[in-house]
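Turn these sequences into a full structure, and let the hints guide you.
Protein chains: 2
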Amino acid sequence: MVKLKDTILEADTLVTCNPSNKIVKNAAVFISNGIIQGVGTKKEINQNFSASKIIDGTNKILLPGLVNTHSHSVQTFLRGKADDYALLDWLKEVVLPGEARFTSEEVYYSSLLGFAEMVRTGTTTTNDMLTTHDSIAGIQAAEEIGIRARIGKMLMDYNDDFSEIVREDTETVIEGARKQINEYHQTHNGRIKYSLNARFLLSCSPELMKLIVETRDEYEDLMIHSHASESQAECDAVVKMYGASYFRSLKKLNALGPETILAHGIWLDDEEYEIVKQTNTRITHNPSSNCKLASGICDVLRYHSIGVIVGIGTDGPPCNNNFDMFHDMRLAAFLQKVKHLDELALPAEKVLKMATIEGAQALNWENEIGSIEVGKKADLIMVDSNDVNSFPFYNPVSHLIYSASGKDVSMTMIDGKIVYQDGSFPTIDIEKIKKAAEKYQNKME
Amino acid sequence: MVKLKDTILEADTLVTCNPSNKIVKNAAVFISNGIIQGVGTKKEINQNFSASKIIDGTNKILLPGLVNTHSHSVQTFLRGKADDYALLDWLKEVVLPGEARFTSEEVYYSSLLGFAEMVRTGTTTTNDMLTTHDSIAGIQAAEEIGIRARIGKMLMDYNDDFSEIVREDTETVIEGARKQINEYHQTHNGRIKYSLNARFLLSCSPELMKLIVETRDEYEDLMIHSHASESQAECDAVVKMYGASYFRSLKKLNALGPETILAHGIWLDDEEYEIVKQTNTRITHNPSSNCKLASGICDVLRYHSIGVIVGIGTDGPPCNNNFDMFHDMRLAAFLQKVKHLDELALPAEKVLKMATIEGAQALNWENEIGSIEVGKKADLIMVDSNDVNSFPFYNPVSHLIYSASGKDVSMTMIDGKIVYQDGSFPTIDIEKIKKAAEKYQNKME
Numbered sequence: 001m002v003k004l005k006d007t008i009l010e011a012d013t014l015v016t017c018n019p020s021n022k023i024v025k026n027a028a029v030f031i032s033n034g035i036i037q038g039v040g041t042k043k044e045i046n047q048n049f050s051a052s053k054i055i056d057g058t059n060k061i062l063l064p065g066l067v068n069t070h071s072h073s074v075q076t077f078l079r080g081k082a083d084d085y086a087l088l089d090w091l092k093e094v095v096l097p098g099e100a101r102f103t104s105e106e107v108y109y110s111s112l113l114g115f116a117e118m119v120r121t122g123t124t125t126t127n128d129m130l131t132t133h134d135s136i137a138g139i140q141a142a143e144e145i146g147i148r149a150r151i152g153k154m155l156m157d158y159n160d161d162f163s164e165i166v167r168e169d170t171e172t173v174i175e176g177a178r179k180q181i182n183e184y185h186q187t188h189n190g191r192i193k194y195s196l197n198a199r200f201l202l203s204c205s206p207e208l209m210k211l212i213v214e215t216r217d218e219y220e221d222l223m224i225h226s227h228a229s230e231s232q233a234e235c236d237a238v239v240k241m242y243g244a245s246y247f248r249s250l251k252k253l254n255a256l257g258p259e260t261i262l263a264h265g266i267w268l269d270d271e272e273y274e275i276v277k278q279t280n281t282r283i284t285h286n287p288s289s290n291c292k293l294a295s296g297i298c299d300v301l302r303y304h305s306i307g308v309i310v311g312i313g314t315d316g317p318p319c320n321n322n323f324d325m326f327h328d329m330r331l332a333a334f335l336q337k338v339k340h341l342d343e344l345a346l347p348a349e350k351v352l353k354m355a356t357i358e359g360a361q362a363l364n365w366e367n368e369i370g371s372i373e374v375g376k377k378a379d380l381i382m383v384d385s386n387d388v389n390s391f392p393f394y395n396p397v398s399h400l401i402y403s404a405s406g407k408d409v410s411m412t413m414i415d416g417k418i419v420y421q422d423g424s425f426p427t428i429d430i431e432k433i434k435k436a437a438e439k440y441q442n443k444m445e
Numbered sequence: 001m002v003k004l005k006d007t008i009l010e011a012d013t014l015v016t017c018n019p020s021n022k023i024v025k026n027a028a029v030f031i032s033n034g035i036i037q038g039v040g041t042k043k044e045i046n047q048n049f050s051a052s053k054i055i056d057g058t059n060k061i062l063l064p065g066l067v068n069t070h071s072h073s074v075q076t077f078l079r080g081k082a083d084d085y086a087l088l089d090w091l092k093e094v095v096l097p098g099e100a101r102f103t104s105e106e107v108y109y110s111s112l113l114g115f116a117e118m119v120r121t122g123t124t125t126t127n128d129m130l131t132t133h134d135s136i137a138g139i140q141a142a143e144e145i146g147i148r149a150r151i152g153k154m155l156m157d158y159n160d161d162f163s164e165i166v167r168e169d170t171e172t173v174i175e176g177a178r179k180q181i182n183e184y185h186q187t188h189n190g191r192i193k194y195s196l197n198a199r200f201l202l203s204c205s206p207e208l209m210k211l212i213v214e215t216r217d218e219y220e221d222l223m224i225h226s227h228a229s230e231s232q233a234e235c236d237a238v239v240k241m242y243g244a245s246y247f248r249s250l251k252k253l254n255a256l257g258p259e260t261i262l263a264h265g266i267w268l269d270d271e272e273y274e275i276v277k278q279t280n281t282r283i284t285h286n287p288s289s290n291c292k293l294a295s296g297i298c299d300v301l302r303y304h305s306i307g308v309i310v311g312i313g314t315d316g317p318p319c320n321n322n323f324d325m326f327h328d329m330r331l332a333a334f335l336q337k338v339k340h341l342d343e344l345a346l347p348a349e350k351v352l353k354m355a356t357i358e359g360a361q362a363l364n365w366e367n368e369i370g371s372i373e374v375g376k377k378a379d380l381i382m383v384d385s386n387d388v389n390s391f392p393f394y395n396p397v398s399h400l401i402y403s404a405s406g407k408d409v410s411m412t413m414i415d416g417k418i419v420y421q422d423g424s425f426p427t428i429d430i431e432k433i434k435k436a437a438e439k440y441q442n443k444m445e
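Taken in sequence, the protein lines are chains R and U.
Residues 1 to 445, numbered by the numbering used here, are exactly what the first sequence covers, in order.
Residues 1 to 445, numbered by the numbering used here, are exactly what the second sequence covers, in order.
Treat each hint with caution, since some may be false.
The list cannot tell twin chains apart, which means a pair is met if one copy fits it or any two copies do.
[To be verified] Derived SDA-like pairs (lysine to any residue); straight-line CA-CA distance at most 20 angstroms: (1) K434 to N386; (2) K339 to A294; (3) K435 to Y394; (4) K277 to L253; (5) K179 to N254; (6) K434 to Y394; (7) K434 to N395; (8) K432 to Y394; (9) K339 to S231; (10) K22 to E445; (11) K434 to D387; (12) K339 to L301.
Don't read these hints as lab results, they were simulated from the structure.
Since this is a predicted model, take the numbers as computed values, not measurements.
Structure follows, in structure tokens:
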């Protein structure tokens, strides 16, 4: 690991993403021991701090690392294996068997490849669901590359049509989770936090949900991460199994609240929106996934109008097919505009906040990350602004949301450590990972 | 210009985009004098042809250049100047005044920057609308960079709320167009074809439309390119001005047919769809623009079900904000799936055809371009497949549509000439263009 001390990062343009969304030209940030100690113009920073290393920021935009609020890194080896597939076939024929059959080594490399793509495209924090089995290999991948994550094994015990090959017994599930909490939660200087990944109500028994909620409430800063109301067919099935609609069922289980984050949240009735609001539950909007799986368009504006905190997630590569948050930021803005036939819906400024400070809020991490402010962790990215799509350059936020690509990211730093720079991944052996992906591909073909 | 003779292009994977959509592994293409002379495996090509130059294709996908069926290259200097704006304000306050006030030099550099972005992201052919004034500078930009284009001045004479600052007298409009047809149509070995760019019915008088239709019918291979049925408000205004709905009015004017291509085509009634079908009119779907301007989602599936040929366009940078066709291919697939709540809608294979061979058909250019076949023009692109989002790699078409980015394009060749390669633009001075963009930006700020 390249651990930097006392570093100045310079940039032509700095976007802070703090509440006032201050933009600084000819800017610099001073970091020490992984913490942001100074933010200002180059002149101000050079007057007040001296650093052993300066990172040049010519033709660069410096902004906080992006926060991906819903990912399945372990599905990366299934990228492109299930396109243009009906949802239930997709789950039954490709995704669940794929996850079930991964060896421990495949879990490790598939997750690591996913994390590599995240840092290469500017994501510094993710909220990640692994597999039921061999999930430790996925946590180790996150530890090694240096990504910040809420992460944990997949929890599912219910013997429905889909889960047989990947589910575990209720006791095995919860014991496995508790063991991992004790080993991994709040480790690596707080960079790794454990996550209670209840897959979705259709693969979790009421007994398991009760145990998951108890576990969440027992530990400090532990969140439940699940899917909810993704498709109409799924919502109907939940009513059949639980006797009430998705959010009513979750409420009855005490599963909602600010320490619960739910992916998708598309098919709600009026009372269910009210339940989300009253419980202060967090939502992660996953625009690419919702389009590719034809789930529907999440009403982000409605959530915002009632004060619900909404992050942006990529979901997994079988339904996206990449981890580039720039794609999902742009698509989030586009979908709200076309859904509401309102050009002013979800402007660029708001989308960038959703992918930074509000994503951090969605994960209860806003005191440490999500903006460039003194005292916060040095989770920072540099975006190149010298390619043809960067001219002219009237407004950095417009550029980042509507014109830039994750491929423009030139440097990604997490906790003060560089994890990606100009094609290199200093913390991992990227060629070894690519070879592992090819090996898996050959096995599957 | 780097004119290559007798060249072999190699590639790990070749996607032909011909009707059978053949995919060749360890492939090569032999070109001579700008024409594809051989397509096959490396072994087959090396046995049958000898070349003075071989372009290495390790970790590359070779496919036909993309066809952008609707662009406004001249608006590139306005990129990011009009985001999150209501449509009418957008047109009145930013786009039309911007176009009106461009100097000839600005028309040249703004168009050239747009074309540069197109070739950098894999577009080899575009269907482009310039300004009313100084449009020759835009045509010269296309000539110089070497892009293939249907292109011409903007035709508009009607004194409505929007057009006053850019319109011309009816006679001036049509004389200007005829002069440009005689000078530019079917020049540069057929690479530049003139286009009759009637802006939209709201800025064209019935007299002008009549003259435009007469002109189209007088010349060989000349197309009308216009906008139609983009927003509900615009459709209402057309009924007021022309006394009938958009497509009924166009039909009455004899403006429809296979030599007419219309952008957007969103708000049609059943009879209007029938009119498009009966007249064999071409439609260009512009998904980013339709989202960003909150126009609505074009029903591409419905057009396909009645046999209408539909291309994909980027539209202009104030409403996109880039010329990366990879964005628009992905979004085209996504929008149909979510509009129809059908995961199988518009699969990757079909989208890639829309952006290549069917885009060529939409522009009546399918005999020369749009697929990799012996006898066709050497309009070819190479897409790098060695970045982290390219692993695993089960299916090149899935990869191109759902995972790749225009930033992955490593080489663009038009008419056998390389116009972009690994960051370089051999036919133009890219630094000079960037400086011109900065100069315009400084003037506007």
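To see whether the hints hold, each was checked on the structure:
no.	hint	in the structure
1	K434 to N386	between (29 angstroms within a copy, 9 angstroms between copies)
2	K339 to A294	both (14 angstroms within a copy, 8 angstroms between copies)
3	K435 to Y394	between (42 angstroms within a copy, 14 angstroms between copies)
4	K277 to L253	within (17 angstroms within a copy, 55 angstroms between copies)
5	K179 to N254	neither (23 angstroms within a copy, 75 angstroms between copies)
6	K434 to Y394	between (39 angstroms within a copy, 14 angstroms between copies)
7	K434 to N395	between (37 angstroms within a copy, 16 angstroms between copies)
8	K432 to Y394	between (41 angstroms within a copy, 19 angstroms between copies)
9	K339 to S231	both (17 angstroms within a copy, 14 angstroms between copies)
10	K22 to E445	between (51 angstroms within a copy, 18 angstroms between copies)
11	K434 to D387	between (27 angstroms within a copy, 9 angstroms between copies)
12	K339 to L301	both (10 angstroms within a copy, 18 angstroms between copies)
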